[in-house]
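Residue numbers (our numbering), protein chains in the order written: chain A, 287 to 602; chain B, 1098 to 1389; chain C, 2 to 528.
Possibly wrong hints are sitting among the right ones.
[To be verified] Using 25 angstroms as the maximum straight-line C-alpha spacing, the simulated DMTMM-like pairs for lysine to aspartate or glutamate come out as follows: (1) 363(C) with 225(C); (2) 81(C) with 225(C); (3) 507(C) with 443(A); (4) 417(C) with 443(A); (5) 134(C) with 443(A); (6) 291(C) with 330(A); (7) 186(C) with 369(A).
FYI, nobody ran anything at the bench for these hints, they're computed from the structure.
Each chain is listed here by its residues.
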Amino acid sequence: MGGFLLRKVGAALVVLLVASMLVFLGVRAIPGDPAIALGAESRDPAVLAAIRHKYMLDRPLPVQYVHWVWMALHGDLGTDQRDLSVAHTIVTRLPISLELAILSMLLAVVIGIPAGVIAATRRGKPSDYVVTTTALVGLSVPHFWIGLLFIVWFAVDLHWLPASSYVTVHHPIANLEHMLMPCIVLSVGLAAVLMRQMRSSMMTSLGADYVRTARAKGLSERSVIWRHALRNSLITVTTVIGLQLGGLISGVVIIETIFGIAGFGALTVEAVNQRDYTLIQGVVLVAAAGYVVVNLAVDIVYSLLNPRIRAAGARS
Amino acid sequence: MSVVDATALTSPRARRRVLLRKRFLRRPMAVVGLVIVVVFVVVAALAPWVAPYSASATDFNAILAHSSSKHLLGTDELGRDELSRLIWGGRASMQAGFLATLLAMIVAVPIGMVAGYYRGWVDTAIARITDVLLAFPFLILAVGLAAILGPSLTNATLALGIASMPGLIRIARGEVLALREEDFVPAAVANGANDFTIIFRHILPNMTSTLLVQATLTIPGAIIGEAALSFLGLGVQPPTPSWGVMLQDAQSYLSQDSRLAVFPGLAIVIVSLAFNVLGDGLRDIFDPRTTR
Amino acid sequence: MKRTRFRTALFAGTAIALLAAAAATAAVGLQGTTAKNGGTLVVGMANGEPDALDPTLARTLSGREVFLTFCEKLYDLNAKAQIVPQLASALPTISKDKLTVTIPLRKGIKFNDGTPFNAAAVVTTINRDLTLKGSARASEISPVSSVNASGTYKVVIHLKSPYSPLTAQLADRAGMIMSPKQLAKLGANFAQDPICVGPFMYSNRVAGDSITVVKSPYYYDKKDVHLDKIVFKVDNDTAAAAAALKAGDQQALDAIDSTQLQGIEQDSSLGIIKETSLGYQGFTINIGNKNGIDKLPYSNIGTDMAKSSNLRKAFEEAINRQTMNKVVFGGTVMPGCTPISPASAYFDKTIKCTPYDPADAKKLVASSGISNPTVNLMVPTGTAALRLAQFIQAEEKAVGITLNIQSTDFVTSLAKEEDGTFDTYQIGWSGRIDPDGNIYAFVATTGNENGSGYSNNKMDYVLNNARKSATQKSRMTLYHVAEQMIENDRPLIYLYYPVTRAGISKQVTGVQMYPDTLLRVAFAQFK
């Protein structure tokens, strides 16, 4: 187990290092002079020179990169166009997006997994058709479009729910009210994927030897489904959740933009739109790091659930 | 029912083809999906002849007009015919969907096959590269590319293609891992075939059904992806119409005329639903466990 | 006597606002008996997040709006875009050679840390503006050679050359006086906890989200300050901002997007105040900017637009500004054709705009000798900008000019303008109180915003004289000549002046807007 862990962590670190280089070079490849972006309406050469010096834009690339990584390791991602600490901005924005992502994921799991189980156990019956059709539609609908329609219906026309912005968790009810629409919208696609995945892996499990054995032992159908087949199917679903994370982050970006939530996703779009170089660098690095860490966690959970993987050491 | 030509039945390939066609026709949903896909593709391809107006023809005396005999679906905020823009917009969406998928296939499938065939350090190295790619969520990658290369349909397609690669690499690798254990591989080796021949002449043809299904399911993802990018202003740029651009324009007019947000969204839903239904159907009929 | 001119200015502002339709209730409420003290006002900022809240370094429009609540200036603007004293006690006296400017200060005023406001503080601030590394003010007051205190309440500024825009600069961020005690403590990091004179004092800031100011116990007109707290909230999405206003999450929104206007107008709980901007929007046509701004001499770049002045005329004649206003902006902007907006005291009514004349435009295109004339229009990405570009494209097509829209992100477009690698650029300017700030940098040969690469000796002569002459009348004569030259040569074509509309809850009174289009909320109160 120790060796396996070490290998996985080592690989994750390599991935992060390469990702950090790509981010750094990518940002440097963006056309346009960052100093002009930082100067806003000021084109005074003295102001621009001071800006270049302050943001180390007048130093060679490797020096800039090493300095950036070194500072990043100390929790300092530099200051953005508005002279605010990038790390601090990210730390204040991230929890909002995490709340959105976690609530959406929970909603998707609560809807998707039972629906998938029902469809699998009642294959060919009307409830199966309802679930599979819903899942297909859910997969095919762009969530930002549902977001737009929800705003029109529930906020503009009916005034049921607030259309935008975020309320801190210090006001739990208002917070949930504001989160409700974005979470529903974001969970649609996820729930659809989980439903489909759950249905197909449940069907495989239900046909597997150990389930037949369990049935032969005279266990109730209920117990067979919920204790044996489901547990095994959940292993696959864990991986699927891990793989959906990238989609979730992408979804958060769009949903936050539409609903005017000042989270991490909206920050990404703002950073790119304003060509805020330090901010883009910091945001993308943190997103990549988060993704790598979560995937590592999924790998570890997966191997704990399924010891055979550990022995093989490979990940498919 | 068609009468099957007796001589055709002698070849196993022809027999399989007939079987697949039969299975396909027994799945009305898949057939409907295919028909819709074909209609959308044909209409988009023939846009100059099918669309009642040019996508950029403005009529400043009829802005945000409701549907009439002159404009079936009404007009947008610059008095352009909504139906014509939907038809022209379909071109961008189809182009992004098909080309991004094609690009991803051409690059990812050989890489995945090589990884699965050779295993060992090649496999590990490719797995790490895939991990790095996966570390950038699709939209972050696309946003970054748009920032570096400038927003356009081509760059959006490129970003969508790259974003679809990691998944395809893993699928191709998994397929090869299984197929290389089949009997025909040692047989080919015994006949003196080199690795290249084995991978592309023997293993690849056995993967086509999986790849076809995968492509059918990747296309709608890319179509939605293009819409999302254009919606954020990072994809297709006006005056070129695309469904995402139309939704972006419509967002500003939500409180005045939500109609503009409905049509392009519906178009996306219909076409991606059609692809998904078709893909599911194809997966079903290629599945050896399927009996019907 | 304490609050003479400033309060007068405030009431003049309300009079204008009264004319501006929906503000009527706001103005009445100011004196109303139902009004009460206390409360937190949440103001949505549609122009994006401010940068550093340091008057020496600040560069953004939205920052100025926040500064108004906690950083008063030597001079301020009134509703007619005239300059009036704020922390100064009178307009400056200027010596005969126009090289010495004397500013008297108000007495008995305290900074928001309790330290006294005096001439020494003003000297400290202006010296910092001139010398701090990265100062965005240095170029604004560059003709200043030295500044010193003459007694406790008089400041004497010496100039290298006559500079009439100085007072206007002191009515903006260069005139915001910072607490010397806080400057000594924080130095270049003043923005971490900025302290000036103001009805409110800085409390805290959440990056990307909000800035909070609280009522000051030191302010000289404390009894006119009613709110306990003001929260400035960053609104990045126009639709979301409008929704927050309608939902009551925000009680004021400083700029309503034209597409959201109708919805807010229909909401009976909201009122609207509006003001025409001092800035303009239009086109910068690259005529001689071949190697980049500042890379003199400029020489014709040889594009269709640069080559043919007739084509430039046809281009302008093809555009119906009234239709543009109706179609693209829902009738919410003020069409016009000069760099100086009707909001300015220097607006010139006598300039005749090039009329909409597609027939003549066609003739000009034909006589230009250019077959299939093509204009590549660089447009900064953004829904409204692209909508305008598509409108222009249709207008030009009608007279036989092909317009290619090149959608480019804002920063890259600025870089291309700087390098001279563009044909025509759809861009505007936020506007300055002094007309010099709307003209000089753009069309003077050495102007650092001269993206057109326009070089005309006569223009340079006229603009330099306008900088030196002291009376409004003589300056207006000179600017009239300059505006005529721009209209003939068309290095820029002006289309319209934005009209800023702020949405305000009817629960709130006393919110103002002047021609600088900044929302003034410091003296507001709840009903």
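For each hint, the structure was consulted:
Straight-line distance between C-alpha atoms of residue 363(C) and residue 225(C) comes to about 61 angstroms, which puts the hinted pair past the 25 angstroms bound. Among the hinted pairs, residue 81(C) with residue 225(C) is consistent with the structure: their alpha-carbon atoms are about 23 angstroms apart, no more than 25 angstroms. A threshold of 25 angstroms between alpha carbons decides the hint, and for residue 507(C) with residue 443(A) the separation of about 22 angstroms falls inside it, so the pair holds. For a cut-off of 25 angstroms, the pair hint linking residue 417(C) to residue 443(A) is broken: about 44 angstroms separates their Cα positions.
Simply put, residue 134(C) and residue 443(A) have alpha-carbon atoms about 53 angstroms apart, too far for the 25 angstroms limit, and the pair is violated. In summary, the hint linking residue 291(C) to residue 330(A) is supported, as the alpha carbons are separated by about 20 angstroms, within the 25 angstroms threshold. Pair hint residue 186(C) plus residue 369(A) holds up; C-alpha atoms about 18 angstroms apart against a cutoff of 25 angstroms.
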